[in-house]
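Chemist: Protein chains in written order, with this note's numbering: chain A, 1 to 333; chain B, 1001 to 1333.
Heads up, a few of these hints could be off.
What the hints assert, rightly or not - Here are the computed lysine-lysine pairs in the DSS-like style, where the Cα-Cα straight-line distance is at most 30 Å:
1) K1316/B <-> K1246/B
2) K304/A <-> K1014/B
3) K1005/B <-> K246/A
4) K5/A <-> K1304/B
5) K1180/B <-> K1246/B
Simulated from the structure, these hints should not be mistaken for laboratory data. Predicted model only: the values in this text are computed from it and were never measured.
Protein chains: 2
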Amino acid sequence: MAREKQLIERVAQKLRSRSGAGLRVGIGDDAAVMHSRGRTEWVLTTDAFLENAHFLLHAHPPEAVGYKALARATSDLAAMGARPLYFLLSLALPLSCTGKWFDRFLVGMSRAARSFGLVLAGGDTMRSPLAGINLTVIGDVTPGKAVLRSGARSGDLICVSGTLGEAELGLRLLQRGLHKRRKRKWKRLLQKHLHPEPRLALGQWLAKSGRATAMIDTSDGLSTDLAHVCEASGVGAKVWADRIPKVSVPSDLRKIGLDPLRLALDGGEDYELLFTVPKRLAQHLPRAVHGVPITIIGEITRGKRILLMDDAGRTKAFRARGWDPFRKDSVGK
Amino acid sequence: MAREKQLIERVAQKLRSRSGAGLRVGIGDDAAVMHSRGRTEWVLTTDAFLENAHFLLHAHPPEAVGYKALARATSDLAAMGARPLYFLLSLALPLSCTGKWFDRFLVGMSRAARSFGLVLAGGDTMRSPLAGINLTVIGDVTPGKAVLRSGARSGDLICVSGTLGEAELGLRLLQRGLHKRRKRKWKRLLQKHLHPEPRLALGQWLAKSGRATAMIDTSDGLSTDLAHVCEASGVGAKVWADRIPKVSVPSDLRKIGLDPLRLALDGGEDYELLFTVPKRLAQHLPRAVHGVPITIIGEITRGKRILLMDDAGRTKAFRARGWDPFRKDSVGK
Chain A
1 MAREKQLIER
11 VAQKLRSRSG
21 AGLRVGIGDD
31 AAVMHSRGRT
41 EWVLTTDAFL
51 ENAHFLLHAH
61 PPEAVGYKAL
71 ARATSDLAAM
81 GARPLYFLLS
91 LALPLSCTGK
101 WFDRFLVGMS
111 RAARSFGLVL
121 AGGDTMRSPL
131 AGINLTVIGD
141 VTPGKAVLRS
151 GARSGDLICV
161 SGTLGEAELG
171 LRLLQRGLHK
181 RRKRKWKRLL
191 QKHLHPEPRL
201 ALGQWLAKSG
211 RATAMIDTSD
221 GLSTDLAHVC
231 EASGVGAKVW
241 ADRIPKVSVP
251 SDLRKIGLDP
261 LRLALDGGED
271 YELLFTVPKR
281 LAQHLPRAVH
291 GVPITIIGEI
301 TRGKRILLMD
311 DAGRTKAFRA
321 RGWDPFRKDS
331 VGK
Chain B
1001 MAREKQLIER
1011 VAQKLRSRSG
1021 AGLRVGIGDD
1031 AAVMHSRGRT
1041 EWVLTTDAFL
1051 ENAHFLLHAH
1061 PPEAVGYKAL
1071 ARATSDLAAM
1081 GARPLYFLLS
1091 LALPLSCTGK
1101 WFDRFLVGMS
1111 RAARSFGLVL
1121 AGGDTMRSPL
1131 AGINLTVIGD
1141 VTPGKAVLRS
1151 GARSGDLICV
1161 SGTLGEAELG
1171 LRLLQRGLHK
1181 RRKRKWKRLL
1191 QKHLHPEPRL
1201 ALGQWLAKSG
1211 RATAMIDTSD
1221 GLSTDLAHVC
1231 EASGVGAKVW
1241 ADRIPKVSVP
1251 SDLRKIGLDP
1261 LRLALDGGED
1271 YELLFTVPKR
1281 LAQHLPRAVH
1291 GVPITIIGEI
1301 TRGKRILLMD
1311 DAGRTKAFRA
1321 RGWDPFRKDS
1331 VGK
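Okay, chain A solo, but in the shape it has when bound (with noise of 0.2 Å):
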């Protein structure tokens, strides 16, 4: 009994499950129970972040792991415009990983349940020969004030914070191994990769003021996420790509074929926020809100298709190319 007692002494010991400030019992019994405060709707999602899916364990640093199967959850809080409060950790790990390796994994994840405002709630421990972490994160938002998927309406303008295809920049790094070689260099090219920053200030900014009428985070990518919202919303779109907030590519790395607007593209994880904005409302946005930038690509339309015009005007059907798991091209990543 001894291990697995160990391992959660660990985990409540390094991500302290503190009680009070609305959760009444944390981990250590079969559930965990917390009250709401005023008036407010509970925001849930839950996420999986897998070994050779996910992430490599001989590639990845264990802080990273950690730091990023919490962001990439509570990425899907922000893109609803709600604030995070409670998260639940069920861990499957094999033995080797509930040592040294452990530890790091747990410095990671506090780092990022402190900068999230995030408190432990419950979980639990499992052994597996292959590393998977799932995380539910709970949150809330004021009454009616979440932003759906399916609220773009014809003539809104699309809208994306940050820049797009950093992540994917980073992971191809990492897949060839090429932040060995030139370290110093390159090592700024992975910090969206292994640390992703979920938008929590903006997502809640936009909410709150009732700016957006409909977002969603890039964690597949924008050709797979914009359609995801034109088909919730059931409208269409088009996207001028000159005006995309691209991956700046050192030229040594586009000679093996690493495209900015590609990248950009389908390139997955960047969690930024896409969403769409009244025209009338439009003209008032800010250029960043809380230092994170927005950028208007492009604009709702009547219909079905997504379509990207290039920089000489030309139209072409903008297909989803993101990220999915049951794509047989899709392992590995």
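Fit chain B to the given chain A structure using the hints.
Modeler: Same frame as chain A, but now just chain B:
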């Protein structure tokens, strides 16, 4: 994109994620949104159900895997006295499990959801070489009424619902392939292992009536789960071996070393309720609640020792030998 979308559509169709009744946004968005109904506390739990650790693809019917994954998680709510409301389903599946297996899995899970009053609120799907199901179950309870592990006091009587050891007996038959050889005769012995019933009505009755001072579900086995209650409450216990409602083992199975007492003490996954009741209230305790029998098996004591009194009045230390996923001999159960 088609494959993941199709899987989600099949989930939504079979498990019917209804909005309404407190669920404002169900599956299909970044997160679920729900609002409280009246003055209530939320109860949340998360639970992983993994291939090879908890079930075997070749031995367990897919319907049973779907049913049991949700039953196990919901049992944690029963142990708090909570009413189940919603669940989030996180699925990691090999491609081989996305066809017929998946449909049968959903049939079982749908049966469980209907039976427990649960509505699907959201989820996540992933591809993985090993099947894994993570459930987050959300319920509610009248504020202050949740029954914790930590409330047992010296002099309280220890009670258990149903019969202990039945699930373990079923598992042993299945592991030895004996259920196939004498299918008709032993099929019902598998029932508790394949289709455990979370004691929701009993748990809610105990919470509402305020009779139980501490409660846990017997997921790891009586010896381990009683130790959890004693540790959380800072007390000891004595248990009368002859009073434990033990599984009835057919004589031809006793010959191969299946001992009813050992099965009842250390066998996991019965998902019965183990709870403590102040002595003055115990005399008014009915013998069954909603058809589920209740048996008094022991008494909470001062100090930290947990003792087992055998039929001859002899006392011995009652070691926790139930299931621990990180103990060496636990793999494969």
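Chemist: None of the hints should be skipped; say for each whether it holds.
Modeler: Against the structure, the hints come out as follows:
no.: 1; hint: K1316/B <-> K1246/B; verdict: holds (19 Å)
no.: 2; hint: K304/A <-> K1014/B; verdict: holds (27 Å)
no.: 3; hint: K1005/B <-> K246/A; verdict: holds (28 Å)
no.: 4; hint: K5/A <-> K1304/B; verdict: holds (17 Å)
no.: 5; hint: K1180/B <-> K1246/B; verdict: holds (24 Å)
When held up to the earlier numbered hints, the structure conflicts with none and fits them all.
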